[in-house]
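Single-letter residue listing:
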Amino acid sequence: AQTVTQSQPEMSVQEAETVTLSCTYDTSENNYYLFWYKQPPSRQMILVIRQEAYKQQNATENRFSVNFQKAAKSFSLKISDSQLGDTAMYFCARRTYSNYQLIWGAGTKLIIKP
Amino acid sequence: ETGVTQTPRHLVMGMTNKKSLKCEQHLGHNAMYWYKQSAKKPLELMFVYNFKEQTENNSVPSRFSPECPNSSHLFLHLHTLQPEDSALYLCASSQARQAEYEQYFGPGTRLTVT
Numbered sequence: 004a005q006t007v008t009q010s011q012p013e014m015s016v017q018e019a020e021t022v023t024l025s026c027t028y029d030t031s032e033n034n035y036y037l038f039w040y041k042q043p044p045s046r047q048m049i050l051v052i053r054q055e056a057y058k059q060q061n062a063t064e065n066r067f068s069v070n071f072q073k074a075a076k077s078f079s080l081k082i083s084d085s086q087l088g089d090t091a092m093y094f095c096a097r098r099t100y101s102n103y104q105l106i107w108g109a110g111t112k113l114i115i116k117p
Numbered sequence: 449e450t451g452v453t454q455t456p457r458h459l460v461m462g463m464t465n466k467k468s469l470k471c472e473q474h475l476g477h478n479a480m481y482w483y484k485q486s487a488k489k490p491l492e493l494m495f496v497y498n499f500k501e502q503t504e505n506n507s508v509p510s511r512f513s514p515e516c517p518n519s520s521h522l523f524l525h526l527h528t529l530q531p532e533d534s535a536l537y538l539c540a541s542s543q544a545r546q547a548e549y550e551q552y553f554g555p556g557t558r559l560t561v562t
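Protein chains in written order, with my numbering: chain A, 4 to 117; chain B, 449 to 562.
Please keep in mind that the hints were generated in silico from the structure rather than gathered at the bench.
Be careful, since some hints might not be right.
What the hints assert, rightly or not - Listed next, the stretches of chain B that the computed footprint assigns to chain A, with coverage defined by at least 3 CB atoms under 8 Å from CB atoms of chain A:
1) 460 to 472
2) 516 to 530
3) 553 to 559
Stated by the list, open to error - Pulled from the structure, derived: some chain B residues nowhere near chain A, Cβ distances all over 10 Å:
4) T455
5) P456
6) G476
7) H477
8) L493
9) F499
10) K500
11) N506
12) P509
13) R511
14) F512
15) S513
16) D533
17) T562
Small disclaimer: the values here were computed from a predicted structure and weren't measured.
Where a beta carbon is used, it is the ideal one built from N, C-alpha and C, also for glycine.
Looking at chain A on its own, in the form it has when it is part of the complex (with noise of 0.2 Å):
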């Protein structure tokens, strides 16, 4: 089966600091995409980065960047300078050119401390 997988369900740190989410995904495929998701707790699911698996180099957002290794089918979301803002449930998601589907991770929900 093609999956995602998250293996961090609940993280926590104070805010300031700078925190890594996992995503380790399954595909046979070469082309793809990556996405990292956010659902604040009003539940209205965001975009906040992607990667094309065609690009060596690392996709950047602001404080929102990603660390991704192909060979190890790995693709970790960093959080610099975490703000109140970003507590929510972040999902990791993959999307091929042969399977227009998204499959997604169970999701890491973050929580920045004060």
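The hints should help you fit chain B onto chain A, whose structure is shown.
Leaving out everything else, chain B in the frame of chain A:
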């Protein structure tokens, strides 16, 4: 209204009731999706519509019936549901079905089946 909207936000229904969930997107997208989100589980894709045509039905029970009258509106008709159908139902849309297009989510409908 901007983005993806869903109504109602909360719904409580008995197992013999018939109700409908509504989704509307104001983004000019051509693909729309229904997901089921249960606690501590990956999001489950239920249905996909592309240019008003259903393209995916992930073995969803017939007590869930989707309808897509145009590219901006998506409905999920519910009848004779079971308690295990209680969940957050998310609607999403994307410019097209292909892998590189980001999905935009609505806030969801929290459904409780009694």
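(message) Checking a non-interface call: every C-beta of chain A should be farther than 10 Å from the C-beta of S513(B). Is that right?
(response) holds (20 Å)
(request) Beyond 10 Å from every chain A Cβ: check whether that's true for F512(B). (result) holds (17 Å)
(message) Just to make sure I understand the rule, a stretch counts as covered if three or more of its residues have a C-beta closer than 8 Å to a C-beta of the chain. Does the stretch 553 to 559 of chain B meet that for chain A?
(response) holds (count 4)
(request) Three residues minimum, CB to CB under 8 Å: does the stretch 516 to 530 of chain B make the cut for coverage by chain A? Let me know. (result) violated (count 0)
(message) The output says P456(B) does not contact chain A. Does that hold with a beta carbon cutoff of 10 Å?
(response) With a cut-off of 10 Å, P456(B) remains clear of chain A, as the shortest Cβ separation is near 13 Å.
(message) At 10 Å, judged by beta carbons, does P509(B) keep clear of chain A as stated?
(response) holds (19 Å)
(message) Can you tell me if the stretch 460 to 472 of chain B counts as covered by chain A, using C-beta to C-beta distances under 8 Å and a minimum of three residues?
(response) violated (count 0)
(request) Hey, is D533(B) genuinely clear of chain A, shortest beta carbon separation above 10 Å? (result) Holds, since 18 Å exceeds 10 Å.
(request) Would you assess whether K500(B), listed as outside the interface, keeps its beta-carbon beyond 10 Å of every beta-carbon in chain A? (result) holds (16 Å)
(request) Run the C-beta distances from L493(B) to all of chain A and say if the shortest one exceeds 10 Å. (result) violated (5 Å)
(request) Taking the shortest Cβ-to-Cβ distance between H477(B) and chain A, state whether it exceeds 10 Å. (result) Since the minimum Cβ distance to chain A is about 14 Å, H477(B) lies beyond 10 Å and the statement holds.
(request) Classify the label on R511(B) as holds or violated, using whether its beta-carbon is more than 10 Å from each beta-carbon of chain A. (result) Label holds. Min Cβ-Cβ 22 Å, cutoff 10 Å.
Hints 1, 2, 8, 11 from the earlier list are contradicted by this structure; the remaining hints agree with it.
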